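K.L.:
Sequence:
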Amino acid sequence: MSVKIRLSRAGAKKRPFYHIVIADANSPRDGKFIERVGTYNPMLPAEHADRVTLVSERLTHWIANGAQPTDRVAKFLGKAGLIAMPVYPEQPKQSAPKKKAQERAAERAKAAA
Numbered sequence: 007m008s009v010k011i012r013l014s015r016a017g018a019k020k021r022p023f024y025h026i027v028i029a030d031a032n033s034p035r036d037g038k039f040i041e042r043v044g045t046y047n048p049m050l051p052a053e054h055a056d057r058v059t060l061v062s063e064r065l066t067h068w069i070a071n072g073a074q075p076t077d078r079v080a081k082f083l084g085k086a087g088l089i090a091m092p093v094y095p096e097q098p099k100q101s102a103p104k105k106k107a108q109e110r111a112a113e114r115a116k117a118a119a
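Be aware that the sequence shown starts at 7, since it is given in this note's numbering, and climbs by one per residue.
Calculated from the structure, these hints are not laboratory results. Each hint should be verified, as a subset may be incorrect.
In silico lysine-lysine, DSS-like type, Cα no more than 25 Å apart, as pairs [as the list claims (entries may be wrong)]:
| no. | residue 1 | residue 2 |
| --- | --- | --- |
| 1 | Lys-20 | Lys-116 |
| 2 | Lys-10 | Lys-81 |
| 3 | Lys-19 | Lys-38 |
Predicted model only: the values in this text are computed from it and were never measured.
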């Protein structure tokens with residue numbers, strides 16, 4: 007049985023609230039879980055203390071027993087210092103100017119200086 011540490015959605019429509027749960031990888035997102043180990047409230051500001059709450063003793067137990075966190079939960083655990091902060095590859099910026107426009111801007115900046 008592979009075990010995941012993941013988010014389970016609760017809360018009302020357009021008012022999300024998530025429980026951080028230990029669940030079998032094959033169970034549905036909001037379905038059966040083994041243990042609830044924290045909460046995540048995205049409606050609170052990022053610096054608010056109650057935005058993410060974790061039960062660190064139980065999380066370290068499950069991580070030691072091989073539970074794999076999802077990407078979002080891994081970020082929470084990394085910020086809490088329970089695991090190493092995950093490394094994400096550089097994402098391309100679609101709105102960034104293309105190569106020729108960047109060259110023209112560099113030439114204009116060079117001419118202005």
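K.L.:
Hint by hint, note whether the structure agrees.
P.N.:
So, going through the hints one by one against the coordinates:
1. Lys-20 - Lys-116: Given pair Lys-20, Lys-116 is violated - Cα atoms ~49 Å apart, limit 25 Å.
2. Lys-10 - Lys-81: holds, 14 Å
3. Lys-19 - Lys-38: Distance of about 21 Å is within 25 Å: holds.
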